[in-house]
Amino acid sequence: KAGVTQTPRYLIKTRGQQVTLSCSPISGHRSVSWYQQTPGQGLQFLFEYFSETQRNKGNFPGRFSGRQFSNSRSEMNVSTLELGDSALYLCASSQRQGSEKQYFGPGTRLTVT
Amino acid sequence: GDSVTQMEGPVTLSEEAFLTINCTYTATGYPSLFWYVQYPGEGLQLLLKATKADDKGSNKGFEATYRKETTSFHLEKGSVQVSDSAVYFCALSDSGTASKLTFGTGTRLQVTL
Chain A
1091 KAGVTQTPRY LIKTRGQQVT LSCSPISGHR SVSWYQQTPG QGLQFLFEYF SETQRNKGNF
1151 PGRFSGRQFS NSRSEMNVST LELGDSALYL CASSQRQGSE KQYFGPGTRL TVT
Chain B
6 GDSVTQMEGP VTLSEEAFLT INCTYTATGY PSLFWYVQYP GEGLQLLLKA TKADDKGSNK
66 GFEATYRKET TSFHLEKGSV QVSDSAVYFC ALSDSGTASK LTFGTGTRLQ VTL
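Taken in sequence, the protein lines are chains A and B.
Numbered by our numbering, the letters in the first sequence go through residues 1091 to 1203 in order.
Numbered by our numbering, the letters in the second sequence go through residues 6 to 118 in order.
Since the hints were derived computationally from the structure, they do not count as laboratory data.
Result set (DSS-like, lysine-lysine): computed pairs, CA atoms no more than 27 Å apart in a straight line: (1) B/K57 <-> B/K82; (2) B/K82 <-> B/K61; (3) B/K73 <-> A/K1191; (4) B/K65 <-> B/K82; (5) B/K73 <-> B/K61; (6) A/K1147 <-> B/K57; (7) A/K1191 <-> B/K65; (8) A/K1191 <-> B/K61; (9) B/K73 <-> B/K57; (10) B/K57 <-> A/K1191; (11) A/K1147 <-> A/K1191; (12) A/K1103 <-> A/K1147; (13) A/K1191 <-> B/K82.
Across the chosen pairs, the derived CB separations fall in these ranges: (14) B/Y35 <-> A/Q1131: 24 to 32 Å; (15) B/T117 <-> A/P1098: 29 to 37 Å; (16) A/R1157 <-> B/Y44: 28 to 36 Å; (17) B/Y44 <-> A/R1163: 23 to 31 Å; (18) B/S88 <-> A/G1106: 39 to 47 Å; (19) A/G1130 <-> B/S84: 28 to 36 Å; (20) A/G1174 <-> B/K61: 38 to 46 Å; (21) A/S1155 <-> B/R113: 28 to 36 Å; (22) B/Q115 <-> A/E1142: 39 to 47 Å; (23) A/F1159 <-> B/Y35: 29 to 37 Å; (24) A/R1105 <-> B/V87: 35 to 43 Å; (25) B/R113 <-> A/E1190: 18 to 26 Å.
Ideal Cβ positions, reconstructed from N, Cα and C, are used throughout, including at glycine.
Use the sequences and the hints to build the structure in full.
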């Protein structure tokens, strides 16, 4: 089985722009979670999607949003980018909502200049 | 809220040395505890987990015991190899939101010949 894939792997954006990141879960997995990894804050939970609905949310501003499609693929959007949004964004998939067994993708490295 | 504290790195050891990475947690409920590993250029991988007090998780020679009385989940390995060089993350999930992981800041391990 193919693992979790994330596209693009690297991205450079300018302050004020918006960005969309994509995550394709492992085949058969229906839950997708997103995390932000920065040197200062470490790994922080953004949100979880299951059956096209957001099920859990972390403590991030409304500029961070996401969605999930009927094929379980998920996108994450960040609007009005700030320098502090530079981070590695990780996606994790699991078979069902609330599953502790999560499989992580390689991440998308976002740099905001 | 929930939090995880793990020892600062980097930790530098010679091959075949004994490894301990300390991890303590704060949680209101009865969390499950995890160790994840991130090898250079790769995504996070689950190393081991424990779901209740006194459980011992083990994998690839690594072990950690869920100690409720000391709220700890220290990672140990009797004899490290160069291939163990990576960043190790301690994490917990609350029983109510199992897929939402709270991570420690990570400990970088460097093993030399």
